[in-house]
Amino acid sequence: MISATEPPILANHMLRIRLGAQTFLAHHTHVAQVLPIARLRDMHDERGQPMQQIRLAELLQHTPAPAHHALLIATRRRTVALLVTAVDLWDLPSDISPVVQPLPPVLRHALTHAWITGILIADGQPLQLLNLRQIAQDALKQAAQGEREQRGQPINRSDEPVSRN
Amino acid sequence: MCEQAEAYLLFRVADEHYALPSASVHEIVRWRAAVPVPGAPPILPGILVQRGVVYTVVDTRLLFGFATTAPERATRYVLFHEDEHRLALLVDAVLDLIALDLTHSEAIPATLPVARARLLRGVVHHTDLLVALIEPPELLAALYAEM
Numbered sequence: 008m009i010s011a012t013e014p015p016i017l018a019n020h021m022l023r024i025r026l027g028a029q030t031f032l033a034h035h036t037h038v039a040q041v042l043p044i045a046r047l048r049d050m051h052d053e054r055g056q057p058m059q060q061i062r063l064a065e066l067l068q069h070t071p072a073p074a075h076h077a078l079l080i081a082t083r084r085r086t087v088a089l090l091v092t093a094v095d096l097w098d099l100p101s102d103i104s105p106v107v108q109p110l111p112p113v114l115r116h117a118l119t120h121a122w123i124t125g126i127l128i129a130d131g132q133p134l135q136l137l138n139l140r141q142i143a144q145d146a147l148k149q150a151a152q153g154e155r156e157q158r159g160q161p162i163n164r165s166d167e168p169v170s171r172n
Numbered sequence: 832m833c834e835q836a837e838a839y840l841l842f843r844v845a846d847e848h849y850a851l852p853s854a855s856v857h858e859i860v861r862w863r864a865a866v867p868v869p870g871a872p873p874i875l876p877g878i879l880v881q882r883g884v885v886y887t888v889v890d891t892r893l894l895f896g897f898a899t900t901a902p903e904r905a906t907r908y909v910l911f912h913e914d915e916h917r918l919a920l921l922v923d924a925v926l927d928l929i930a931l932d933l934t935h936s937e938a939i940p941a942t943l944p945v946a947r948a949r950l951l952r953g954v955v956h957h958t959d960l961l962v963a964l965i966e967p968p969e970l971l972a973a974l975y976a977e978m
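Chains as they are written, first to last, in our numbering: chain A, 8 to 172; chain B, 832 to 978.
Only chain A is shown next, with the shape it has when bound in the complex (with noise of 0.2 Å):
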């Protein structure tokens, strides 16, 4: 949570993320590597598996969007490419105020996830700050977790503990 006494966010260095007809934003140092979508095709991640892709509008908005470039997100786990329409690196203009602001209180405390850390006003416009780190992680969750339910095995959860017999 962003409280006063924290310094503010600034806006400078963002990617500019087009998912469909909505653009987001995101710091740059969360993407390791920007590549047209054809590129993946062979990339294997850490584990010499085939890279895992998420499609981030079907993951944000649960409505399919044109994907044509993948930004690759280095988790603590393994590498994810989250599949977006168009990225590009955001030249603020000068009149907009590079300050993002904390999510309203009570969008904060709605939400699901901590996917948005916050928003920045552009011509009138909310633009959504994504952590793209987060997303990254919980995709790869959820994904595994998908997994598990395909293979009927289980699910084990954080904060539950672990029977060993």
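Since the hints were made in silico from the structure, they are not lab data.
By construction, the Cβ of each residue, glycine as well, lies at the ideal position given by its N, Cα and C atoms.
Here are some chain B residues the structure puts well away from chain A; computed CB gaps all over 10 Å: (1) Glu847; (2) Arg947; (3) Val955.
Facing chain A, according to a computed beta carbon distance under 7 Å, are these residues of chain B, among others: (4) Val866; (5) Gly870; (6) Ala871; (7) Pro872; (8) Leu875; (9) Ile878; (10) Val880; (11) Val885; (12) Met978.
Given chain A, put chain B in place with the hints provided.
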């Protein structure tokens, strides 16, 4: 306006009439598409920026226990401030700014669904309408309780 009267904004949600203290209301704006926030519940369909301020949109139909509907010509946002909260209440129509004499307010009808009763101060008769009075703190509390 008589001495006991207070200014309220009268609006409609579904076929019911509600009033909110005008002191809490910052502005009324026509409907426009809100920017959706990933992971937000349907009751918070998005955010809006108005005069440089970010407002969280609240679908009052869902908050009051009605089914949501597509926006129409009369649909408005009531931009509303309560403490540090900046909310845009999505309502079916804004009708008038009225003076209500609260000494004549009545208890909330026992038949009213809990979803609505919990955020009301009482009801008053205004012309031929039965108007439910919204208390801003209770509205916020009801919103948090929904999530």
